[in-house]
Structure formats: C-alpha cells, structure tokens
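Each protein sequence line maps, in turn, to chains Y, D, C and U.
Be aware that the first sequence starts at 1, since it is given in UniProt numbering, and climbs by one per residue.
Be aware that the second sequence starts at 1, since it is given in UniProt numbering, and climbs by one per residue.
Be aware that the third sequence starts at 1, since it is given in UniProt numbering, and climbs by one per residue.
Be aware that the fourth sequence starts at 1, since it is given in UniProt numbering, and climbs by one per residue.
Simulated from the structure, these hints should not be mistaken for lab results.
As the structure is a computational prediction, the values presented were derived from the model and not from experiment.
It is possible that part of the hints are untrue.
[To be verified] Straight-line C-alpha distance at most 25 Å; calculated DSS-like pairs for lysine-lysine:
#, chain 1, residue 1, chain 2, residue 2
1, D, Lys41, Y, Lys11
2, U, Lys61, C, Lys42
3, D, Lys11, Y, Lys11
4, D, Lys61, Y, Lys41
Each chain is listed here by its residues.
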Amino acid sequence: MARVIVDVMLKPEILDPQGQAIARALPRLGFSGVGAVRQGKRFELELEGPADEAALAEVRKMAETLLANTVIEDYTVRVTE
Amino acid sequence: MARVIVDVMLKPEILDPQGQAIARALPRLGFSGVGAVRQGKRFELELEGPADEAALAEVRKMAETLLANTVIEDYTVRVTE
Amino acid sequence: MSAARVGVVTFPGTLDDQDAARAVHLVGAQAVPLWHADHDLKGVDAVFLPGGFSYGDYLRCGAISRFAPIMDELIPAAGAGLPVIGTCNGFQILCEAHLLPGALTRNASLHYVCRDQRVRIEQTATAWTNAFDQGQEIVLPVKHGEGRYVASDETLAALEAGGHVVVRYVGGNPNGSLNGIAGIRNEAGNVVGLMPHPEHAVEELVGAPSTDGLGFFTSILKNLVDA
Amino acid sequence: MIDDVRRAAKTPDEPMPFAELGMKADEYARVKEILGRRPTGSELAIYSVMWSEHCSYKSSKVHLKQFATKAPKSEALLVGMGENAGVVDIGDGWAATFKIESHNHPSYVEPHQGAATGVGGIVRDIMSMGARPVAVMDALRFGGADAVDTRRVLPGVVEGISHYGNCLGLPNIGGEVVFDPCYIGNPLVNALCVGLLRKDQIKLATAPGPGNKVVLFGASTGPDGIGGASVLASATFEDESQAKRPAVQVGDPFMEKLLIECCLELYAADVVVGIQDLGAAGVSCATTELAAKGTGGMHVDLTRVPLRDPSLRPEEILMSESQERMMAVVEPRDIPAFMAICEKWDVPATVIGEVTDTGRLVMTWEDEIIVDIPPGTAADEGPVYERPYHEPAGQAALNADTPDGLARPADLRETLLKLLGSPNLASKEWVTSQYDRYVRSNTVLAQPADAGMLRISETMAGVEHEPTTRGIALSTDGNGRYAKLDPYAGAQLALAEAYRNVAVTGAQPLAVTNCLNFGSPEDPEVMWQFAEATRGLADACRALGVPVTGGNVSFYNQTGSTAIHPTPVVGVLGVIDDVAKRVPTGFTKEGLRVVLLGDTREEFGGSEWAHVAHRHLGGLPPHADLEAERALATVLVEATRRGLLAGSHDLSDGGLAVALAEACLARGVGASVTLSGEPFTDLFSESASRALIAVRPDAYDAFASLCGRHEVPCYGLGMTGGDRLVVEGVFEIPVAELRETHEAALPALFG
Ligand SMILES: Nc1ncnc2c1ncn2[C@@H]1O[C@H](COP(=O)(O)OP(=O)(O)O)[C@@H](O)[C@H]1O
Ligand SMILES: [Mg+2]
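Using the sequences and the hints, build the whole thing.
Next comes the structure, spelled out in structure tokens:
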C-alpha cells in the first residue's frame with residue numbers, strides 16, 4: 001500500500017487572501033522574518049496497489065480533473081514512504 | 001531567501017469529512033484504486049533570512065500557535081530548495 | 001399554449017431548489033424537478049442550477065457536482081443553446097464544468113456574507129436578463145463564502161470587451177470579485193451564472209426587501225415565447 | 001480479552017474505573033445491586049454516561065419538575081417535556097417543535113467545531129420528532145469584547161454556527177450576542193432549532209414490537225468525544241489535564257443535510273416505528289432510551305456498528321459521540337424500502353439489532369454477551385440528588401449596593417451614543433451577516449427584528465394540506481446580570497422579554513423552551529441560584545399561560561470556584577393568524593405617531609447604563625410585572641389583527657433611548673419626541689413591560705381605546721420623520737451618526 005501526496009497551490013498571479021491574512025497577522029503575534037505566506041491544499045491518497053507509473057498517471061489525471069481547478073491552481077504529485 | 005513548508009493535517013482520529021467525500025466521489029468519476037483520502041493544508045512561507053535552526057524554531061512556534069489548530073491538527077515543518 | 005417548463009436540479013446538498021421552483025411558479029411557468037443522478041433532462045425548455053452546498057462544498061464549491069450524471073446531459077445541451085442559469089453554487093458548478101470561464105474563490109474578507117446587495121444589469125442580451133433595462137440597478141441578496149470571481153487577464157479583458165459581464169456589484173463589492181463582477185454569460189448568451197440570488201427576491205412578504213429577482217424569471221418566459 | 005457478562009460474574013472483585021468515568025462510589029454500588037454482579041466494562045460505560053449529570057439531570061430533576069406541576073393548562077401542548085423536543089399545536093393541522101440546547105464546554109475547547117456540532121445536535125432532536133427543521137437561532141455569551149480569548153472564541157463560534165447552519169439550508173432567524181467578563185473561560189453557546197410537521201405525524205423515541213429491526217444510519221462511528229458525555233459535561237476543565245482532553249467531535253453538515261432529507265422521505269413513506277437521534281452518549285443513550293420506552297427489550301450486535309476506526313473497543317463504541325447518526329426501529333417488511341431511501345440519499349444504514357420482549361437490553365460482541373441490563377435502570381432510574389442550597393454569602397450586600405448613588409450623566413446625548421456603541425448594544429451585523437437568513441424563502445422577519453418569523457404554508461413542498469395564512473415567531477432572551485441580582489426575578493424577566501419580543505411582531509406567545517446555564521451544582525450558592533431561577537420561571541410560565549415544552553441544563557460553567565452569572569436563556573414561540581399582518585420592526589415611514597406603552601420607573605439595577613458607565617452591578621433588577629406583560633401582549637396581538645400598527649420595537653437593555661435609536665435605524669427614518677418626566681430616567685431606565693409603537697394618525701384613537709380597555713398605559717411621544725432623532729429640549733442626533741456609532745463597534749473589535 002503506497003501513499004501519494006498531491007499538493008495544490010493557487011497560481012502565483014491569483015490573489016490569496018488567506019495567505020495574506022496570515023502574513024499580516026504574524027507581526028501582530030510577535031513573529032518577524034516572514035515575507036510572504038501562501039496557503040494551499042494537501043491531499044494524502046492511500047493507494048490500494050503500488051505507486052507504479054500507471055497508478056501515478058491515474059493520480060495525475062485525478063489531480064488535473066478533480067483535485068485541482070487548473071484555471072486557478074497548480075498541482076504537484078509525489079510518492080511518500 | 002529560504003522557503004519553508006508547513007503541512008497541516010487533521011489528526012488521524014479526527015473525522016475528515018472532506019477527505020471522505022472525495023474518496024466516495026472517486027469511483028463515481030471512474031477512478032479506482034484509491035482506498036482513503038485525507039485533505040489538509042499546505043503553507044508556503046518565504047523567510048526573509050536563512051532557514052537556520054533559530055528561524056525553524058520560530059516557524060514551528062508559528063505552526064503551533066497560528067497555522068495549525070493543535071486541538072485537532074498535527075503539523076510538520078520542512079525546508080525546500 | 002402549455003406553460004414553459006423550467007428544470008430545477010437537485011444535487012445532494014442543494015438548498016435553494018424549492019425557492020427556485022417557487023419563483024418559476026410565480027411567473028406562471030412550470031418547475032420540473034431534475035435529479036442529479038438521472039441522465040434525464042425531461043425535455044425541459046430551460047434549466048436552473050440553484051444555490052446550496054452541493055457535496056458539502058468539499059474540495060471546491062461545485063467541483064464534485066460537475067461530474068454528476070445530469071451534467072453529462074446538461075453540458076452538451078447548454079452547448080446546443082438550451083438556456084441555463086446557475087446562481088451561487090449553480091454558478092460555481094457552471095465554472096467548474098467550463099460552461100463559463102474563470103472561477104469563484106474564497107471571499108476576500110474570508111467570511112461568509114449574507115446581505116442585500118445593489119447590483120447593475122450590465123447586459124440584457126441574454127436569455128435570463130432580457131426583461132431588464134440596460135444599466136438598471138436592482139437589489140438582490142448575496143449569501144456565500146466563495147464568491148470572489150477571478151479569471152486571467154485575457155479572459156477578463158475578453159469578458160469586458162464582449163459584453164459578457166451580465167451583473168456587476170455597485171455600492172460595495174461583497175467578496176472582492178475582479179472588476180466587481182457578480183455574473184457573466186457565455187458567448188452565445190444562453191448560459192448565465194451569478195452569485196446573487198434572484199429567487200430570494202420575488203415576494204413582498206419573505207426574503208430580501210425587493211422583488212427585483214422576478215426579472216430573471218420573466219426573462220426566460222419572454223425568451224421562450226419569442227423563440 | 002473481552003470483558004463479557006460471564007467473566008464479570010466470575011471476577012466480582014476486579015476493580016473498575018468508575019471514578020475515572022465520573023461515577024461516585026455509591027452510584028457504582030447501585031449498579032452492582034441492580035445487576036447482582038459487577039458490571040462489565042461495556043455496562044459501566046453505559047451506566048456512567050447515562051447517569052452523568054448531562055444525561056440524567058440528577059441535580060436538576062427535583063427543580064425542573066415544577067415546569068410540569070405548575071404548568072398552565074394549554075390545549076396547544078401536544079408533546080410535553082421528556083421527549084427529544086416538545087410539540088405544540090399551531091392550528092390548521094400544523095404543529096411546531098422547538099428546543100434550545102447548550103454546547104458551552106466544547107465551544108471553549110474548539111470554538112468552530114464545538115458550536116457547529118451544537119447546531120447539528122439540536123437539529124437532530126427536532127428531526128427525531130418527525131418534523132422538518134425550518135430555522136435555527138443562537139444565543140451566545142462571551143467574555144469581555146476586548147479580551148484576547150474572546151478574539152479566539154467568538155469568530156470561531158460564529159463561523160461554526162454559520163458553516164453548519166448555512167450548509168443545512170436552515171435560515172438563522174435570531175439570537176443574542178452578549179459580552180460580560182464573567183463568561184471568559186466559559187462562553188455560552190445555546191442553539192435553538194424549530195421544526196414543523198403535520199399534527200398527526202409526530203414520531204416518538206420508542207422501540208415497540210418484538211421482532212422489529214433496529215437500524216443505525218448516518219455517519220460511521222469513530223473515536224469522537226469518547227468520554228465526552230461524562231467528562232466534558234460533568235467536570236470542570238481545570239481538573240482535566242491537557243493530555244486527557246477528549247477528542248473533539250467534528251461535524252459533517254453535508255451528511256446531516258442528507259440525513260434530514262432522508263428522514264423526511266422515510267417518514268413520508270411511513271417506514272419508521274420509532275426514532276431517536278444519537279447525541280451525547282451515542283449508542284448507549286439511543287438503545288437504552290428506545291428500549292426503555294418500547295416493549296422493554298432489545299438485542300444489539302455491536303460488531304455490526306460500522307466503524308471509521310476499526311480499532312475501537314465495544315466500550316468506546318458505546319460512548320462515542322460521533323455526529324450525524326440516527327437510530328430507527330423498523331418493521332422487518334419495511335426494511336427494503338427503508339434501505340432504498342437511505343441509498344438514494346447516500347446515507348449508510350445498517351441493521352444492528354432487534355426489539356425483543358425479554359425486558360433486557362442485551363448486546364453482543366463477537367458472540368459474547370457483554371451487556372445484559374434492564375434498560376430502564378440506565379435510562380430512567382438514574383440517581384436523583386437533592387443538592388443542598390443556600391443564599392450566597394454576598395447576596396444581601398450585592399442587593400444593598402444599589403445604583404442610586406451612581407453619578408448621573410450631565411450629557412444624555414453622549415450617554416446614548418456611548419451605550420449604542422457599547423459591545424452589548426451595538427449592531428450584531430458582524431455576526432448575523434455570516435448567517436443565511438433567506439434560504440427556503442419562508443423568512444418573514446429575521447435580524448434586526450425583535451423576533452424571527454416564518455410563514456408555514458410553504459414549508460413542506462410536496463405534502464398535501466389545506467392552505468393556511470399562519471406564521472410562527474420566535475425569540476430568545478436572557479440577562480445574566482439581572483439573574484445574578486435576583487435569580488427568581490431574572491428568570492422571569494428573561495421569559496418576559498422573549499414573550500414581549502414575540503408579541504411586538506403581532507404573534508400570540510404560545511410555548512416556552514429554556515436553557516439553564518449555571519455554575520457547579522455542588523456549590524450550594526450556585527444551587528440556590530438554580531432553585532430560584534427554576535421557581536421563578538415556572539411561576540412566570542403559569543402567570544403568562546405559556547407552558548415549558550422542553551429545554552436543557554448546563555452546569556459546571558465555572559473556572560475554579562468562580563461561576564458565571566446564572567444565565568437562564570428562554571425561548572418563546574408564538575403564532576400569528578395571518579402572517580401578512582406581521583408588524584415590522586421600528587419606524588417604517590414618516591408621519592406616524594410614536595407611542596410608548598407601559599410605565600417607566602427609576603430602575604437601574606443591573607442596567608446597561610450602570611454596566612457601561614460605571615462597571616457597576618448591584619441593587620435589584622427591574623420589577624417583573626407579569627400581569628402588565630400579559631396585558632401588553634394582548635393589546636399588541638389584537639391591534640395587529642385589526643391592522644392598527646405600522647411598526648414596533650420592544651424596550652429592554654438601554655431603555656427608551658436605545659429603543660428609539662434602533663427604531664430610527666431600522667429604515668433610516670428619524671423621529672421627534674417629547675418626554676414628560678425626568679429625562680435621564682425616562683430615557684435609560686430598564687423598566688419591563690414596555691414597548692414602542694408607530695401608529696398611523698388615523699388609527700391612533702382606536703389603538704388608544706384598545707389600550708384603555710386592557711389598562712395598558714399609552715403615551716403619545718411624538719411623530720416619525722426627518723433624518724434625526726430629536727428628543728425635545730434634550731438632544732438631537734442625526735440618524736447617520738447613530739448608524740455610524742452602532743455599526744462601527746464590532747468590526748473595530750473583530751475586523
Ligand atoms: N447570535 C445571533 N444570531 C442571530 N441573530 C442575532 C444574534 N445576535 C443578535 N441577533 C439578532 O440581532 C437583532 C438585535 O439583537 P438584540 O439587540 O440582542 O435584540 P433585542 O435587544 O431586541 O433582544 C435581533 O434581531 C437578534 O435576533
Ligand atoms: Mg428586542
């Protein structure tokens with residue numbers, strides 16, 4: 001059983017009000033030294049079989065059509081442990 | 001300038017309705033082979049200085065107090081490129 | 001002549017379907033319930049995709065609904081000219097299904113917002129707004145957490161140049177939408193999506209303090225009779 | 001190794017962790033006596049949650065009884081206290097069911113999920129009566145508005161209520177937001193739900209008919225809030241180490257929405273014999289209560305319970321508080337139809353047992369018997385305490401410290417603006433704009449109206465019924481400061497205010513629900529507050545002719561030995577014959593006569609002015625004159641029927657001055673009024689039983705004679721019109737300035 005991670009982030013040109021709100025809050029909470037924050041999503045998929053090329057191709061299709069909205073988001077797929 | 005990633009996921013014992021809804025939708029969309037899905041958050045922080053131990057300790061504190069709700073979420077911190 | 005038949009789609013988690021059906025009745029048309037899991041548009045003359053939290057808005061608003069069996073029928077039908085309107089979650093579904101360009105994202109305020117909103121009808125050349133006057137200002141309720149319209153610069157420029165912006169917020173932008181966009185249409189003008197809720201502004205007694213939403217429903221009647 | 005019944009009989013001396021589960025030694029001894037042996041772990045789980053304060057009402061029972069024994073005769077009452085929610089007859093074949101419930105402690109631990117699951121829980125109570133839930137309300141109390149922790153708790157709570165309620169498609173039609181330092185560390189989150197049903201379709205929590213199947217449906221069971229029912233609800237946080245903090249329950253409003261539609265379809269298909277929601281104490285509570293109210297026996301195979309976490313032990317399954325679950329009793333021949341409807345709505349459903357005639361609740365786990373108890377002993381025969389109580393040591397001194405000596409303000413204009421911009425009286429738009437008040441298109445009145453109102457004719461699409469013009473109105477109110485000064489009067493004033501808020505919209509108040517938020521019942525001074533408040537509320541319900549139909553008690557709202565102000569929150573439901581005649585809030589147009597109903601005395605004990613201007617709390621609260629309250633409501637309802645009223649607003653916190661300002665703000669219409677008495681008292685006293693009315697000049701005489709007939713004092717104050725609030729000879733304030741002050745306060749605090 002393999003675990004695949006899909007990270008989905010807003011495209012750089014799309015405004016990210018959640019990230020901005022965090023960046024603005026940090027100094028108020030006494031944290032300095034952070035320039036910018038962006039917030040995205042992280043999906044952990046448990047595959048029933050091994051994370052071979054075929055399985056990964058399938059996950060990429062899932063990411064492309066479902067997990068990310070490619071009009072506004074980019075995604076990356078990677079295998080873990 | 002360094003980039004630090006904070007991944008925040010619901011603790012394993014906590015219900016993840018989003019992940020469940022996605023997992024249940026996948027077969028209907030023609031995707032098979034995925035046993036479980038969990039959805040979490042991913043934060044990208046641009047540090048103004050280097051990602052040294054002091055900076056990472058600071059990020060861990062941020063994660064603990066702001067980025068994650070430790071009542072229901074776990075987090076991990078890692079440096080990228 | 002038999003009454004025009006407007007289909008109202010119910011997905012799991014749809015909330016405003018009864019409201020939409022009632023508004024359809026109020027203007028003298030027949031509301032036909034359509035079920036997400038059916039491959040059947042029941043021969044309706046137009047389709048209303050109502051608001052709500054289909055599939056709990058999990059993943060992204062509208063992302064899972066767009067794959068429902070009914071959408072397999074609706075997408076080609078809309079392409080062939082069937083009048084379709086999506087309000088709120090319906091608008092989000094239309095964008096996810098690529099029947100309309102762009103996307104709806106988290107409100108800039110990061111809060112859900114329910115308020116009576118002044119908007120301007122920017123385009124009457126659509127199946128759903130032809131009963132209004134160009135530039136007419138009306139009040140409709142908005143109620144959503146993810147209604148900030150975004151699109152690439154080119155898409156935005158094309159929408160504006162082509163007159164595809166149908167409704168625009170005036171007197172305050174409730175969600176930070178680019179160019180104050182509240183609603184858009186497709187190239188052909190048969191598909192319209194908007195965040196405000198015309199179906200909650202159709203009766204004196206209940207809902208928003210306006211009946212301005214009726215125009216969307218009388219438009220479709222007019223459209224069907226004229227057609 | 002499984003701790004089954006045989007093993008328990010063979011190992012009588014095995015120590016059991018009853019104390020850790022919140023059970024007292026004598027309670028544990030009683031369990032052993034009932035069973036004639038030591039309980040198994042699973043039996044202990046059941047008894048410990050069922051006998052917890054939260055589920056058994058062991059400290060409050062003796063006092064709550066008064067709501068029944070003193071109840072006024074009411075033909076409207078169809079189902080009284082003791083069921084999941086009360087049901088009242090609202091005419092034309094319709095019935096309404098409503099209830100308010102607390103989710104205070106969980107909302108402090110995790111504000112968003114705590115508040116969200118509070119809404120989810122009360123909605124399931126309403127569903128279990130056979131009704132369609134049609135609206136929610138939320139009565140909230142937080143620590144000081146500028147306290148750091150309030151900035152964590154309030155936004156989370158509001159977001160939780162907003163997200164869960166909005167997602168269910170239930171309009172939020174009212175509530176309260178109150179700030180007081182006494183709630184820091186103990187916020188109050190009280191959620192109300194109201195449902196409608198046809199009078200002949202009431203469902204009850206009962207499992208009759210041996211051979212009938214027991215079906216668990218909805219979400220699967222996980223380790224949510226395990227120990228929550230007894231630990232979260234029965235012990236103060238302070239004693240709980242961080243590590244022992246039980247897992248938080250997370251809600252899935254989407255599943256709940258599916259459950260609502262699924263249940264309504266099950267009811268329509270008539271395939272449900274009995275039904276119970278799973279709330280605190282989950283499967284334990286549902287099975288024991290269903291069995292106790294039915295034929296008396298039930299057999300459940302716990303291994304059939306669908307699990308989210310396969311490692312759960314039977315004890316944990318029994319105690320799990322996983323949300324969005326229901327249990328139904330179904331005739332065997334109806335099972336296929338039942339399952340088909342669940343499948344249509346994508347709601348998992350599993351037969352986990354069967355009704356029997358053995359009089360025993362028997363549960364098995366991998367074929368071993370792990371529970372074998374008489375269900376009534378867990379559900380109905382829990383311990384009952386006569387807790388000692390006495391008047392608090394400082395009570396007399398508190399009452400003697402009257403506001404008489406407080407410096408009166410020189411500048412009343414300034415005073416009004418200060419009050420209007422104070423967190424308790426400021427606009428709650430920051431909160432209410434996060435709630436959907438329009439969904440389902442039956443909302444006639446919602447914020448900022450005095451009461452929420454719904455039309456009922458169109459609430460059940462697809463159900464055949466004769467047309468009706470009726471509507472229902474609801475309000476919740478409570479004033480912890482008044483109750484602190486005098487819990488007996490404070491509870492009555494809470495009822496009086498909610499009753500008045502319903503009446504000013506033109507609806508006849510009909511029935512009451514209540515949520516009693518108090519400190520520790522083990523503290524005799526808190527127990528005195530509780531005893532006084534329940535006595536006051538029961539007496540007032542009788543005087544006003546409105547029965548209590550249900551409610552909820554929340555104890556242990558305290559930090560260390562410091563309890564919150566006693567805070568009885570009262571919800572009143574009323575009926576209006578013709579919903580189109582409802583009275584809108586405030587000054588609806590120019591040229592109307594402004595009329596004050598009721599007498600004003602110098603009453604500043606516990607007032608908002610004393611609180612804001614002097615941080616003072618002492619003396620006695622306003623006099624609760626229930627006869628006057630009843631007469632006022634009679635006049636308002638009758639005047640509404642006759643179409644005499646153009647607008648209304650009740651007087652409460654902040655007195656006449658604040659009511660005038662709010663009435664102007666409703667539609668931006670100003671007014672000019674003249675006072676007859678001492679201006680400060682006239683403007684800021686909080687005497688009860690008063691309301692502000694706007695009347696068309698041509699209707700004034702008829703209205704005044706109606707007041708005369710019912711001996712309701714009626715004073716013409718002036719006229720509506722212009723763009724300012726003018727109090728002749730005292731001050732003038734532009735409506736725009738009132739608005740700016742009123743609306744800026746909460747955004748300035750919460751962003
Ligand atoms: N937490 C809340 N949820 C929903 N509505 C609320 C809430 N708090 C206040 N409101 C609404 O805002 C309006 C003003 O509230 P409030 O000033 O407390 O009214 P009143 O003093 O008449 O009881 C009312 O319509 C009330 O129902
Ligand atoms: Mg009021």
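Hint by hint, here is what the structure shows:
Proximity of Lys41 (chain D) to Lys11 (chain Y) is assessed by CA-CA distance (about 16 Å); at most 25 Å being required, the pair is judged to hold. Under the criterion of a C-alpha separation no larger than 25 Å, the hint pairing Lys61 (chain U) with Lys42 (chain C) is inconsistent with the structure, at around 57 Å. Between the alpha carbons of Lys11 (chain D) and Lys11 (chain Y) the distance comes to roughly 28 Å, so the proposed pair goes past 25 Å and is violated. In summary, the hint linking Lys61 (chain D) to Lys41 (chain Y) is supported, as the alpha carbons are separated by about 21 Å, within the 25 Å threshold.
Checked against the numbered hints listed earlier, the structure breaks hints 2 and 3; every other hint is satisfied.
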